[in-house]
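Undergrad: These protein sequence lines map, in sequence, to chains W and G.
Numbered per the numbering used here, the first sequence finishes at 244, counting up by one with no gaps.
Numbered per the numbering used here, the second sequence finishes at 627, counting up by one with no gaps.
The hints are simulated quantities; they were obtained by calculation from the structure and are not laboratory data.
Among these hints, one or two may not hold up.
Claimed, not checked - Calculated cross-link-like contacts (lysine-lysine; reagent style DSS-like; alpha-carbon spacing at most 25 Å):
no.: 1; chain 1: G; residue 1: K246; chain 2: W; residue 2: K43
no.: 2; chain 1: G; residue 1: K591; chain 2: W; residue 2: K194
no.: 3; chain 1: G; residue 1: K185; chain 2: W; residue 2: K194
no.: 4; chain 1: W; residue 1: K127; chain 2: W; residue 2: K215
no.: 5; chain 1: G; residue 1: K591; chain 2: G; residue 2: K519
no.: 6; chain 1: G; residue 1: K359; chain 2: W; residue 2: K24
no.: 7; chain 1: G; residue 1: K186; chain 2: W; residue 2: K194
Here the structure is a predicted model, which means the values were calculated and not measured.
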Amino acid sequence: MNYILLLGATSDMAFATAKEFAKRGWGLLLAARNQEQLAVLKTDLEARYEVPVYALPFEARQFSSHEAFLAGLPHQPLVTALFFGYLGDQQKAQDDWQESSRIIEANYTGAVSILNLVARQYEQQKQGAIIGVSSVAGERGRKSNYLYGSAKAGLTAYLSGLRNRLQASGVPVITIKPGFVATRMTEHLNLPKPLTASPRQVAEAIYKAYQKKKNVVYVLPVWRLIMQNIRMIPEPVFKKMNL
Amino acid sequence: MKKLLANWGQYPALEANELSFRTPAEAAQIVASEEQLIARGAGRCYGDASLAATVLSTLQYNKIRAFDKQQGIFDCQAGITLDEVLEVILPWGWFLPVTPGTKFITVGGAVASDVHGKNHHSDGSFCQHVEVLEVLTASGQVLRCSPYENTTLFETTCGGMGLSGIITRVRFRLKKIETAYIRQTQQKAANLEQIFRLFEENRQATYSVAWIDCLQKGRHLGRSILMLGEHARVDELPQKFRKDPLQIREKKKLSVPFNLPAFTLNSYSIKAFNWAFYHKLRAQQRTDLTDYDTYFYPLDFVHHWNRMYGKRGFVQYQFVLPLAGSYEGLRQILEKISQKGMGSFLAVLKLFGPQAGLLSFPMEGYTLALDFPVRPDLFPFLDELDDTVHRLGGRIYLSKDARMKPEKFLQGYARANEFLDKLQQLDPAQKFVSLQRKRLHLST
Ligand SMILES: Cc1cc2nc3c(=O)[nH]c(=O)nc-3n(C[C@H](O)[C@H](O)[C@H](O)COP(=O)(O)OP(=O)(O)OC[C@H]3O[C@@H](n4cnc5c(N)ncnc54)[C@H](O)[C@@H]3O)c2cc1C
Ligand SMILES: NC(=O)c1ccc[n+]([C@@H]2O[C@H](COP(=O)([O-])OP(=O)(O)OC[C@H]3O[C@@H](n4cnc5c(N)ncnc54)[C@H](OP(=O)(O)O)[C@@H]3O)[C@@H](O)[C@H]2O)c1
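Make a model of the complete structure from these sequences and hints.
TA: The structure is reproduced here in structure tokens:
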């Protein structure tokens, strides 16, 4: 049986993705901080699908725990999908290093720490696939969320380099750029409907991207266009915009 | 987050603050900090029952807690929708004990409205199949209740329209089936007398409902088609379905993309539709096999069909009359409707069985459900219909209501005061308040 490891499994997108894989017979390794909520998700998934589901404690910011975490997995995952992330409070982070570092670690360094180890394994075995959920926010820094954005920019560049490296070992690395998604992270925001995907749409896009070994995926195609335009705005203009 | 909210009838609409939760602790925190709020499921009630300035959406609280595949017992968080439940239980040979005419409602909504289905006369309402509930009450605690435990809370929650608190957990019994198919028999009735006789003769049928053409007059008044249904057994299926009797093929969904101008639905288009429907059934009686989805949820195939009524929205008017007054009452009401040319696309008639409960809608007798597009003369007309309904001892379904007057509510629901007294004990400060509760002055 094939297993998928979902890092940050209590994320709404991760849960939807777990369903996409489980309904096709994949076993699930759910890794997250909140064990109580993880147990609720495990029970739900076991009732829906006849696949083994494991709930595993995982903290992205505890870098030193990552080696033991991977060594202790009950099964070797064929796919590792990274969902954890933290939007944070930009205003607060500007004056508070704690908040800044939380954003950086939960979106970037934590990912580097765990994916370095996963990559080494997959490279040696010449098998496996890595899926990373990054963000369009990483494509250009804006005053409203450049701490989050810069951390995601780091993640995007990391995944791009990793893809380049693992290409030789036949290990696909897939970068997902979801655009707006209606999840717990964005519940307090008034997102424009046509630009907002559901977690399920993201999950379907992820499964498809895995099957077709895609490189970079914008869940809603319109976002590729939007970001193309945003990247084209000359910096002298961009810096004066209220974004 | 602030947004414009309306339920299925798109009337009324209001700017509301919508909150949601994923854990009981989050819900408790919201209930403690908000002065007034009401639970909101999928918003499939037609009127104002799940609307308020602050609503607590249950849609993210939708996980399965347990599914006993041997005994057929389902235990879930209350925000899960029936279509998701079906997806899980059907392959194991289980079905919902009671289902309304749409599968896009939450289990919590099914309890709060104590919904009925085409099998009310044989299996009762949804809450009769509920074993355990958990409710987050005004006290801030999640309390467990059942027909044997914390019965005051149980009685005020079943059919209580969300006024007792936030239902967080529901454990209910399922119905065993062999196949995903229904053996459907359709019978024509030329008028009201005939359809009443057919209903009486078919009390043993598991499912029964009639579609009625409410624009007919005189000797055709009450012209209708009775639709009976039984869960098909494996040996009743054609050979090619027997290998996978619990599987049906997925069908394409249609969608009404935006609000149609109100004039597309007038008495001419309704007449044409009704004529075609009645005459499509050539023989006096016909039996065929349909999948459960087509049989129970024909409207779900057209997503957003409610937009067909245009921007002003529509109201669904559903009443029930006690058996004794049913014939006379229906005759009077159908005459009024056809006189006014207030035709309704979808008019559904059904014979209910007996029903217990403080605020549950059904009672032994006939129920009629109609859709009327909102127009200036509609509300006075419905007030007139209300008079007839209540004179005969009937009542209006709260889950579909958006406009009834407070005195009518008290008249129709004989146990309303008992309900309100119990509610007073549970929630003396009136934390759980919907627009409907305000409109109907539901307080002691
Ligand atoms: C096409 C269609 C066909 C229908 N057919 C039928 C039918 O055949 N029989 C029938 O009985 N009904 C029928 N209905 C009505 C529908 O089943 C009920 O209105 C049902 O309650 C809607 O559930 P919901 O999840 O959408 O809840 P909402 O519409 O959001 O809320 C309905 C009521 O339930 C309360 N509520 C919802 N969730 C909770 C909770 N977790 N805790 C406490 N209170 C809660 C709300 O406060 C409100 O009072 C139909 C509706 C449609 C649109
Ligand atoms: N929603 C959007 O519009 C959007 C758009 C683009 C990209 N994204 C990205 O998509 C991913 C999934 O987010 P989502 O929208 O599904 O939001 P979400 O439900 O809030 O998920 C975020 C997840 O990250 C986990 N997490 C945060 N810090 C962690 C840490 N230090 N260690 C372990 N786990 C941690 C959270 O776990 P807890 O439950 O323990 O807090 C939570 O499960 C994130 O990387 C996000 O940045 C989201």
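Undergrad: All hints are to be evaluated individually against the structure, with a verdict given for each.
TA: Now for the hints, and whether the structure bears them out:
With a C-alpha separation of about 10 Å, the suggested pairing of K246(G) with K43(W) holds against the 25 Å cut-off. Between K591(G) and K194(W), the direct Cα distance comes to roughly 40 Å. Violation of the 25 Å bound is thereby established for this hinted pair. Restraint check for K185(G) and K194(W): satisfied, since their Cα atoms lie roughly 14 Å apart, inside the 25 Å limit. For the hint pairing K127(W) with K215(W), the CA-to-CA distance comes to about 18 Å; that is within 25 Å, so the pair holds.
Straight-line distance between C-alpha atoms of K591(G) and K519(G) comes to about 19 Å, which keeps the hinted pair within the 25 Å bound. Taking the CA atoms of K359(G) and K24(W), the gap is about 24 Å. The hint holds against a cut of 25 Å. Only pairs whose Cα atoms come within 25 Å are accepted, and K186(G) paired with K194(W) is accepted, the gap being roughly 12 Å.
Hint compliance for this structure: hint 2 is the single one not met.
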